[in-house]
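S.K.: For the protein sequence lines, the chains are A, B, C and D, in the order given.
Under full-length UniProt numbering, the first residue of the first sequence is numbered 1, with each subsequent residue one higher.
Under full-length UniProt numbering, the first residue of the second sequence is numbered 1, with each subsequent residue one higher.
Under full-length UniProt numbering, the first residue of the third sequence is numbered 1, with each subsequent residue one higher.
Under full-length UniProt numbering, the first residue of the fourth sequence is numbered 1, with each subsequent residue one higher.
Just so you know, the hints here were simulated from the structure itself, not pulled from any lab data.
Yeah, the Cβ is synthetic: ideal placement off N, Cα and C, and Gly gets one too.
Hints may contain errors.
In silico DSS-like links for lysine-lysine, alpha-carbon gap of 27 angstroms or less [claimed, not checked]:
hint, chain 1, residue 1, chain 2, residue 2
1, C, Lys435, B, Lys224
2, C, Lys300, A, Lys245
3, D, Lys319, C, Lys439
4, A, Lys198, A, Lys300
5, B, Lys65, A, Lys319
6, D, Lys305, B, Lys205
7, D, Lys413, C, Lys319
8, B, Lys198, A, Lys435
9, A, Lys224, A, Lys319
10, A, Lys82, A, Lys64
11, A, Lys413, B, Lys300
12, A, Lys245, D, Lys439
13, C, Lys205, B, Lys301
14, C, Lys435, D, Lys64
15, D, Lys305, D, Lys319
16, D, Lys305, B, Lys198
17, C, Lys124, C, Lys205
18, D, Lys300, B, Lys224
19, C, Lys245, A, Lys300
20, B, Lys439, C, Lys224
21, A, Lys224, C, Lys300
22, D, Lys245, D, Lys224
23, D, Lys413, C, Lys435
24, D, Lys300, C, Lys64
25, D, Lys224, C, Lys305
26, D, Lys191, D, Lys224
Have a look at the derived ranges for each label pair, beta carbon to beta carbon [as the list claims (entries may be wrong)]:
hint, chain 1, residue 1, chain 2, residue 2, range
27, D, Lys82, A, Asp430, 53 to 63 angstroms
28, B, Gly220, A, Lys413, 53 to 63 angstroms
29, A, Gln345, C, Glu298, 37 to 47 angstroms
30, C, Gln423, D, Gly341, 42 to 52 angstroms
31, D, Asp246, A, Asp430, 49 to 59 angstroms
32, B, Lys305, D, Gln345, 24 to 34 angstroms
33, A, Lys413, C, Gly304, 16 to 26 angstroms
34, A, Pro2, C, Gly304, 29 to 39 angstroms
35, A, Ala51, C, Thr222, 20 to 30 angstroms
There are 4 protein chains.
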Amino acid sequence: MPTASQRIPAVVRPLVSERARKTLDLVEKFVNEECLPADPVYHAQLGEGPARWTYPPIMDDLKKKARDLGLWNMFLAKGHYKEGAGFTNLEYGLMVEHFGRCRTASEATNNSAPDTGNMEVLAKYGSEAQKKRWLEPLLKGEIRSCYVMTEPGTASSDATNVALSIRRDGDSYVLNGQKWWISGAGDPRCKVYMVLGKTDPNAEKYRQQSIIIVPTDTPGITIKRMLSVYGYDDAPHGHAHLVFKDVRVPAENIVLGEGRGFEVMQGRMGPGRIHHAMRSIGAAEEALNWLLTRANAEHKKPFGKLLSQQGVILQWIAKSRIEIDAARLIVLNAAAAIDAGNAKQALMEIAQAKILVPNMALDVIDRAVQTYGAEGVCQDTPLAYMWAQVRTVRIADGPDEAHLEQLGRRENKRAAEAAFLLQRQVEITDALFRKYGTKESGPCSKL
Amino acid sequence: MPTASQRIPAVVRPLVSERARKTLDLVEKFVNEECLPADPVYHAQLGEGPARWTYPPIMDDLKKKARDLGLWNMFLAKGHYKEGAGFTNLEYGLMVEHFGRCRTASEATNNSAPDTGNMEVLAKYGSEAQKKRWLEPLLKGEIRSCYVMTEPGTASSDATNVALSIRRDGDSYVLNGQKWWISGAGDPRCKVYMVLGKTDPNAEKYRQQSIIIVPTDTPGITIKRMLSVYGYDDAPHGHAHLVFKDVRVPAENIVLGEGRGFEVMQGRMGPGRIHHAMRSIGAAEEALNWLLTRANAEHKKPFGKLLSQQGVILQWIAKSRIEIDAARLIVLNAAAAIDAGNAKQALMEIAQAKILVPNMALDVIDRAVQTYGAEGVCQDTPLAYMWAQVRTVRIADGPDEAHLEQLGRRENKRAAEAAFLLQRQVEITDALFRKYGTKESGPCSKL
Amino acid sequence: MPTASQRIPAVVRPLVSERARKTLDLVEKFVNEECLPADPVYHAQLGEGPARWTYPPIMDDLKKKARDLGLWNMFLAKGHYKEGAGFTNLEYGLMVEHFGRCRTASEATNNSAPDTGNMEVLAKYGSEAQKKRWLEPLLKGEIRSCYVMTEPGTASSDATNVALSIRRDGDSYVLNGQKWWISGAGDPRCKVYMVLGKTDPNAEKYRQQSIIIVPTDTPGITIKRMLSVYGYDDAPHGHAHLVFKDVRVPAENIVLGEGRGFEVMQGRMGPGRIHHAMRSIGAAEEALNWLLTRANAEHKKPFGKLLSQQGVILQWIAKSRIEIDAARLIVLNAAAAIDAGNAKQALMEIAQAKILVPNMALDVIDRAVQTYGAEGVCQDTPLAYMWAQVRTVRIADGPDEAHLEQLGRRENKRAAEAAFLLQRQVEITDALFRKYGTKESGPCSKL
Amino acid sequence: MPTASQRIPAVVRPLVSERARKTLDLVEKFVNEECLPADPVYHAQLGEGPARWTYPPIMDDLKKKARDLGLWNMFLAKGHYKEGAGFTNLEYGLMVEHFGRCRTASEATNNSAPDTGNMEVLAKYGSEAQKKRWLEPLLKGEIRSCYVMTEPGTASSDATNVALSIRRDGDSYVLNGQKWWISGAGDPRCKVYMVLGKTDPNAEKYRQQSIIIVPTDTPGITIKRMLSVYGYDDAPHGHAHLVFKDVRVPAENIVLGEGRGFEVMQGRMGPGRIHHAMRSIGAAEEALNWLLTRANAEHKKPFGKLLSQQGVILQWIAKSRIEIDAARLIVLNAAAAIDAGNAKQALMEIAQAKILVPNMALDVIDRAVQTYGAEGVCQDTPLAYMWAQVRTVRIADGPDEAHLEQLGRRENKRAAEAAFLLQRQVEITDALFRKYGTKESGPCSKL
C-alpha cells in the first residue's frame, strides 16, 4: 500500500521537501489510525439535544497525541509568526487533504478553520497586545474563534454591503446589528469574534468597513438561534445567528486601523481557499474509498453480481479517479503559484480551485451515496454529511457564479491580444496569397 | 503579452530547462507568424476534386524555415536514436500544444503523426537495414508513412481481433486482407506502411500478430476509397480504405520478429497519446482565442450588447479557462510520470489524459462555434474542422468507454486496501467506545 | 393568476374531466391557503428531542378542513374499493403534484404514502376481515401503516434477496429478522405493518416471499433506532430500523396466500411510482417559485443588480421551466398509459417517469438553493429539506441504475426490428443502384 | 412490429383523427421502403465537383410515387389555402418526424423547408398575382424557393439589424447588399427568393424592414460562394453567400406592404419551428435504430461481448429512449397549443421545443456515432451528417442562448405572483402561530 508521499503526483514531486514528505506520511497515519476511528466516538459523545453544544472528551486526547507527534499548527507559514511550521502552501496542501477525510483531524492538530485564518490575520496585522491576548492561546489550541462577516437580509457575497454598525464612542466602539452563519459560535471554548462591520458609511466604497476584535462574553451579544445545513446542526461547532445590541469594546480592538477591513480580509483569503479546496479533495478521496468498498462487498450483490462488475460502476470509479486527480493538480498549482509569488498574483489560480473542486467533490460523493443506496443517505456512512459540508463550499466566500463571472472578466481581458493575433495572421495570410498567386477558396471549398 | 514559457503553470515550471523554454518560445512564434497564416494558403493550394491529393508548395517553404530555426524532430527523445532532440516528454508536450493550434506546424517541423510513432518504432525495434532505408528519410522529412492497423468488419479497438493475413512463403511474407482508416495514405509522398497483421492464428492470444514493413508501391495494394470525417476529406493526408491482395514483401521486413506485434505496438503507445492530447489542448486554446475575439467584436452586437457583457458568455470563458488548465495539468503530469519512469509505469496517468482531454476540448470548441453562430460551422473559422478532428480522438486508439472501463478496473484493485482501512477503523472505533464508555448513537442520532 | 386547471398542458387538456378540473383548483387553493402556511407550525409543534415522535395538533384541523371540502382519498380509483373517488390516474396525478409542494397536504387529505399503496393492496387482495379491521380505519385516516420490505445487509433493490423469515407454526406465522427504512414507523398512530418476508426458501425464485399483516403492538418487535436522511429525522413519520424476534401473528394475516408476495408487490408498484414522481414535480415547481422570489428581491442585490437581471439566472429559470414541463408530460403520459390499459402494459412509461423526474427535480431545487446561498441550505426555506427528500427517490424502489438497465434491455429488444429495417433498406438500395445504373460513391464522396 | 400510429404516446392519442393515423402509417411505410433506400442513390447521383449542383433523377420518381399515394403538401393547414391538407399541427408533426429520418422524404412529398414557410407566407399575405405566379408552382413542386434573411457582418439573430437596402425607385425597388446562409440557392430549380431588407432606416424600429419577392434570374445577383457545414456542402440544396448589386424588381413584388417585414416573419415562425423540431426527433429515432443495430452486431464484439451486453451501452439506450420521448411530448404539446389557439399564444411552448429538441438529438446521435467508432464519423452511416445538420438547429432562427434568455424573462414575469403567494403564506403562518400558541423554532430546530 503506497504511502501518501509515494502517491504525490509526478509533476508535483520535485516541489516537496524530504521533511514535508515525512510529515505528510505521519499525517496520513495519524488520520487513518487515530482520527477516522475517533469520529464516531466524537459524534456519540455529543449525544442529543442541548447537550450537543459541548466539548467531547476524546478531542483532548487526540490533541495530546498530535502534539506529541509534532503535528501542530502546520498551516503557519515561515515568517508569518515566529518560526512558523516552515512548510510551503503546496506542502501544507498535501497534508490538509488528509484532514478533509475526517471530522476530528483539523482540530486535533490545531489547523482548523476559521481559527487558521484568524491566526494569520492576527499574526500579520495584530498589535503586540492583540497577539499576546488572542493569538497565543489560539496557537496553543486553548481557545477557539469566529470570523463574523455574513449578515441576514443583505447580499453579503458582495462585502461592501456589510452593514453592522461599528460606531466610535470615546475610547470604545459600539456594535449594533445582526450576523449569521457565524461558524464555530456553538463551541463552548470559542472566546473571540473577529467582526467585520461598517465604521464609516460616508467613506470611499472600499474604506467603509473595519475589522474589530470582540470577546464572546461581551455584554449585548445573543445567539438568536443555530442554523442547520441540510438537517445537520454541526454541533458543537455550529452556525450561529447573532444579535449585537450596544456591544461595547475598547477602541484598541480595531485591527490594523479604521476603514482597513477590506485590506485585512484580502490578506485572509488566498491560502484559506486552497485549504478548503484541499479538504474537499480529501473528502472526495474518502468517498471513493467507501464507494470501492461497497462495490466489492461480497455479501451485497444485487442480481448476483458485484457492483464493481457493472460497467456503469466502473465508469463512476474511473471518472472519479480522473476528476479528483485533475482537481488536485489545479489546487496544487494554485498553491505553487502562491509559493512562487503571493496570493494576489495567484488570484486566477486560486479562483480556479475555488470553483472546480467542490463541484467535482459533490459529484464523487454523490456517486458513492448512490452506490450505497439508502445506507448512503443516513448516519451509517459519513457520505451524506460530507456532501452537505462540501455543498456549502459552493456558497461560502461567494457563490460559484460570482467567481465564474470574475474569472471570466479577467480572462476576457486577453481578448484584445487574441484579436490582435488573429488580425496579424489575416494580414500575413493575405501577403502569402499574393506571393504564391494562389486564389482564395472557390465555391464551398474545404478548409 | 506573456510568452509561452512565461505562461507555464507554476507547478510545472521547475521541470522545464532553460533550453526548452527558449525552444518553446521559438515554437510559439513560428506557429503564430508562419504556420497559422499559412494554413488558409495550404488549403487553397489543395483546391477542389482529385487535385486535392497532392502536396501544397507552401509546405516546403515552411519546412525550410523550421529547419533554419532548429525546430526539427523535437519529438525524438535523447537515446531513442543518435543524439535525439534532447527534450523530455514534458518539455516536448509544451511545444506540441502549439502544433495543435494549426494545420501545418506538425508537418513543417517533422513532428507529425503517424510518422513520429513509426520513427520511434523503427529507432527502437528496427534492424540497421530498416533504419537506413526508412528511418533516415523519415527523419529528414523526405518521405511519409502510415500505421496500418484498423480493419473494417472487425472490432479492432480490441487489437487481438486484427485479422489481415500475413503468411510466410519462402523468403517472403504474403499479405491478404482489408484495412481502413489508414491516415496519411492520401499523401503522394507516403512511401511506407507499417502493417499489423496475423502471422499465426494458432499462437497464444497476444503472440498471433506481427508488424511488417510494406513499401506503398508494392503490387497488390489498392486504395479502394477515402473516408470522410464529418464531411472533411483531410486531403492530402486522408484516411484510406486499403485492399491487400497477395502483397508480397521480403521476410526481413518483419519488425522485431514474428508474433511480436503487441510488444512493438505497446512501445508505440504511451508518448504518442500524450502528444495527441497536447494537440487537443492547443486546439482548445486556439478555439478560446477565437471565442474571445468574437465575444468582443464591436461590429457584431446582438441586441446592442457585446457578447462578452453577457453572463452566460463570461461563464463559458471562465469554464473554458478552468477546464483547459486542469486538462493540461493532467497531460503534463502524465508526461512527468513517463519522464520519471517509463510509459508502462505511467499507464494510469496516460489513460487519464487520453480520456479527459478530447472531451474537454470538444466542449470548449463547441462553445466557440456557438458564439460564432452560423459563421462557426462553416469554412470561415477553423472551429468546425477542429471539432471534427478532436471528435475522432475519442475513438482513435480505442473508444473512451474502453479506456474508462480499464481505468476503472485498475482503480478498483484498490478496493481491498480501502476495505481493509475501513475495517481496521471500525475495530479501533469499537475499542474507543469501550475505553470511553460512550454509548453508540441513540435514536436517529446525528453523525 | 391562472389557476391549476388553466395551466394544464395543452396536449393533456382533453383528458381531464370538468369535475377533475374543479377538484384540482380546490386542491391548489387548499394547499396554498391551508397546508403551505401550516407547514412551519407543524414543524414547530414537533419541537426538539424525543417529543418529536408525536402527532402535531394542527394536523387534525387540516384533516377536518379537507374532509369538509371533499378532498379525501382522491387516490382511490373507481372500482378499487366501493365507489372510490372516481378520478383517473392522470387526473389524480395533476392533484398530487400540489401535495408535493408541501409537507402536510398528502396526510391532510389522506393521500399519503405508504398508506395509499397499502390501502390499494388491501382493497385488491385483502380478505373481508382484513378489509374491515385495517382498510376501513385507514380510509378514515384514523390509523397509519408501514410497508416493511427493505433489509439491512442485503441488496434489497433485488427483492428476491429479502430474507426475513416467516415460518408457519400451527395456526400462526412466526417472524424473525431485521428490517430498515421502514418509513412511518415513528408515528404514534401507526398501527399496522405490511411485512414482506420469506415463507419458503426452497420454492421457485419468485414464489419464496409472502406479505403478511402484523399489528405494530405485537410482542417481539423493537425499534432499534431511527435513520436520518441528510441529517433530517423526518419526525414524526421517520424511518425505522426494526428487529423482529419470534413475532407471532395468526395465519389468516397472510395476504392473498403463501408465496404470492411478488404478485401483491407488483400490483402495488405502478400507480405509486406515478404519485411519487408527481410529488417531485410539485417540489420542483415550488422550488422554482422560491427561486423566482429570491431572484427578484429588491433588498438583496449583490453588486447592485437584481439576480434576475443576470443571464445565468435567467438561463436557470428557463431551463427549469423546460425541464419541469418535459418531466411532467412524461409522468402524465405514463398515467394516461395506465388509464388506457393497466400498470403492466405501461411499465416502460412508468420507468421513464421514475428515472427522469427526481434527477430533474434535484437540479431545479439545487439551482434554487444556490440562488439563496447560505439561506438555501438551512431551515429558513424548505429547499434543503426538499432536496434531501427527492434525493431518496433516486434510490427508493430500486436505484436509477437498475431501472435504466432494465429499460435499456427492454428497448434493446427492438434491435432485431431495427436491424431488419436497415437490412431491407440496403437490399432495396442495391436494386435501385442497378435500376438507375448509378455507380456507388467514389473516393471520399459526400454522403 | 407496431406501426407509427400504434406508437403514438398514450396522452396524445385522443388528439389524432382516424384519417391522420392512416396517413401517418402510409408516411412511415413510404419513408421506410422508398425514401431511406433512395438516400444513397440520391447522393451517388450528385457525384463529385461542380456536377453536384444538379437535380438527381431519382427525386422525380419519388415525387411521382408520393403524389400517387396522396402524400403531398401535408403541411398546408386547412383554411391556409384552398382546402389545404386538413391536418392539425399535431397530426402533421407526427408525420414530419418520419421525414426527419431521411434526406429525400420532405422534398419527395413537397413538405420541405424553406418552401413550406414561403408557401405559408404567400398563402397568407400574398396578392392574387403573387399566388398565381409563385405559390401555384411551389405547391405543385415544380419550382423551389429561398428565404433570404441572414447577413454576413451583422448579428442577424437580432433581425432589426438586417441591413440589405431595398430602395424605392419609381415603379421598382432596387436591392443592394449581401446575404449568406441562403439555403436552397444551390438547387437549379430554385426560382424565387423571399428577401428581407431595409426599406426605411428612419422608421420605427420594427417597421424598417420589408419582405420582397425576387426572381432568382434577376440581373445583379451573384452567388459569391457556397458555405459548408462541418465539411458538408449539402448539395444540391446548399447554403449560398449572395451579392445583390442594383437588383431591380417591380414594386408590386413587396409582400403585404412596406415596413411590414416583421409582421410577415412572425407569421412564418411558429409552426415552422415545430416542424424543424419534429425532424430532429426523427433524426434521433433513426440514430437510435442505428445504435441498436450496431450494439447487437454478432460479428463485431470487442473483447468477446456484444456491446449491448455492456451496462454503459444499455444506459445510453435507456437514456436515449427517455430523452427522445420527453422531447417529443414537448413538441407535440407545443403543436397542440398552436392547434388550440394560435402560434402567438403558444410562444412559450414553441420556444421550449426549439431549445430542448436539438440538444437532445445531438446527444443521442453522438452516442450512436461513438457506438460505431470510426465507422460513425464517415460516410458509411448517416450519423455524422445528421449530427452536423442538427447542430445548425441550435443556431438557426437565433441561438439557444437568445431563446433561453427570452424564455427566462417570460417565466420571470411570474415572480410577482410567486412572491405574493409566499408573502401571503407567511402572514397566514403568523396567524396560525398565534392561534396555536406554538413557539417558533428553537435553536437549530428541524424543518
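S.K.: Now tell me if each hint is right for this structure.
M.R.: Hints, verified against the model:
1. In summary, the hint linking C/Lys435 to B/Lys224 is supported, as the alpha carbons are separated by about 24 angstroms, within the 27 angstroms threshold.
2. This hinted pair checks out: C/Lys300 and A/Lys245 have alpha carbons roughly 23 angstroms apart, not beyond 27 angstroms.
3. Distance hint between D/Lys319 and C/Lys439 is unfulfilled; the C-alpha atoms sit about 39 angstroms from each other, more than 27 angstroms.
4. Proposed proximity of A/Lys198 and A/Lys300 is contradicted: the alpha carbons are some 58 angstroms apart, above 27 angstroms.
5. About 43 angstroms separates the Cα atoms of B/Lys65 and A/Lys319, which puts this hinted pair outside 27 angstroms; it is violated.
6. At roughly 17 angstroms between alpha-carbon atoms, D/Lys305 and B/Lys205 fall within 27 angstroms of each other, so this suggested pair holds.
7. Only pairs whose Cα atoms come within 27 angstroms are accepted, and D/Lys413 paired with C/Lys319 is accepted, the gap being roughly 15 angstroms.
8. With a CA separation close to 50 angstroms, the supplied pair B/Lys198 and A/Lys435 exceeds the 27 angstroms bound.
9. The straight-line distance between the Cα atoms of A/Lys224 and A/Lys319 is roughly 44 angstroms, outside the 27 angstroms bound, and the hint therefore fails.
10. Proximity of A/Lys82 to A/Lys64 is assessed by CA-CA distance (about 22 angstroms); at most 27 angstroms being required, the pair is judged to hold.
11. Annotation: proposed proximity of A/Lys413 to B/Lys300 holds, straight-line Cα distance about 18 angstroms (limit 27 angstroms).
12. Between A/Lys245 and D/Lys439 the CA atoms are separated by roughly 23 angstroms; this keeps the pair inside 27 angstroms, and the hint holds.
13. The straight-line distance between the Cα atoms of C/Lys205 and B/Lys301 is roughly 67 angstroms, outside the 27 angstroms bound, and the hint therefore fails.
14. Restraint check: the Cα-Cα separation between C/Lys435 and D/Lys64 comes to about 17 angstroms, which is no more than 27 angstroms; the hinted pair holds.
15. Between D/Lys305 and D/Lys319 the alpha-carbon distance is near 21 angstroms, which keeps this suggested pair within the 27 angstroms criterion.
16. For the hint linking D/Lys305 to B/Lys198, the alpha-carbon distance of about 21 angstroms falls within 27 angstroms, and the restraint holds.
17. For a cut-off of 27 angstroms, the pair hint linking C/Lys124 to C/Lys205 stands: about 24 angstroms separates their Cα positions.
18. Our distance criterion of 27 angstroms between C-alpha atoms is met by D/Lys300 and B/Lys224, whose separation comes to about 22 angstroms.
19. A distance of roughly 23 angstroms separates the Cα atoms of C/Lys245 and A/Lys300; the hinted pair therefore holds under the 27 angstroms criterion.
20. For the hint pairing B/Lys439 with C/Lys224, the CA-to-CA distance comes to about 14 angstroms; that is within 27 angstroms, so the pair holds.
21. Between A/Lys224 and C/Lys300 the alpha-carbon distance is near 22 angstroms, which keeps this suggested pair within the 27 angstroms criterion.
22. A distance of roughly 12 angstroms separates the Cα atoms of D/Lys245 and D/Lys224; the hinted pair therefore holds under the 27 angstroms criterion.
23. A distance of roughly 61 angstroms separates the Cα atoms of D/Lys413 and C/Lys435; the hinted pair therefore is violated under the 27 angstroms criterion.
24. Restraint check for D/Lys300 and C/Lys64: the C-alpha separation of about 66 angstroms exceeds 27 angstroms, so the hint is violated.
25. Between D/Lys224 and C/Lys305 the CA atoms are separated by roughly 46 angstroms; this puts the pair beyond 27 angstroms, and the hint is violated.
26. Distance restraint check for D/Lys191 and D/Lys224: the Cα-Cα separation of roughly 18 angstroms lies within the 27 angstroms cut-off, and the hinted pair is therefore satisfied.
27. For the hinted restraint 53 to 63 angstroms between D/Lys82 and A/Asp430, the CB-CB distance of approximately 56 angstroms keeps it satisfied.
28. Distance hint check: the CB atoms of B/Gly220 and A/Lys413 are about 60 angstroms apart, consistent with the given range 53 to 63 angstroms.
29. Range check, A/Gln345 to C/Glu298: Cβ separation about 38 angstroms, and the 37 to 47 angstroms hint holds.
30. As the Cβ distance of C/Gln423 to D/Gly341 is approximately 45 angstroms, the hint placing it in 42 to 52 angstroms holds.
31. For the pair D/Asp246 and A/Asp430, the beta carbons lie near 28 angstroms from each other, so the given range of 49 to 59 angstroms is not met.
32. The hint said 24 to 34 angstroms for the Cβ distance between B/Lys305 and D/Gln345, and at roughly 29 angstroms that hint holds.
33. At roughly 22 angstroms, the beta carbons of A/Lys413 and C/Gly304 sit within the given window of 16 to 26 angstroms.
34. For the pair A/Pro2 and C/Gly304, the beta carbons lie near 52 angstroms from each other, so the given range of 29 to 39 angstroms is not met.
35. Checked against the hint of 20 to 30 angstroms, the pair A/Ala51 and C/Thr222 passes, with Cβ atoms roughly 25 angstroms apart.
When each numbered hint is compared with the structure, violations occur for hints 3, 4, 5, 8, 9, 13, 23, 24, 25, 31, 34.
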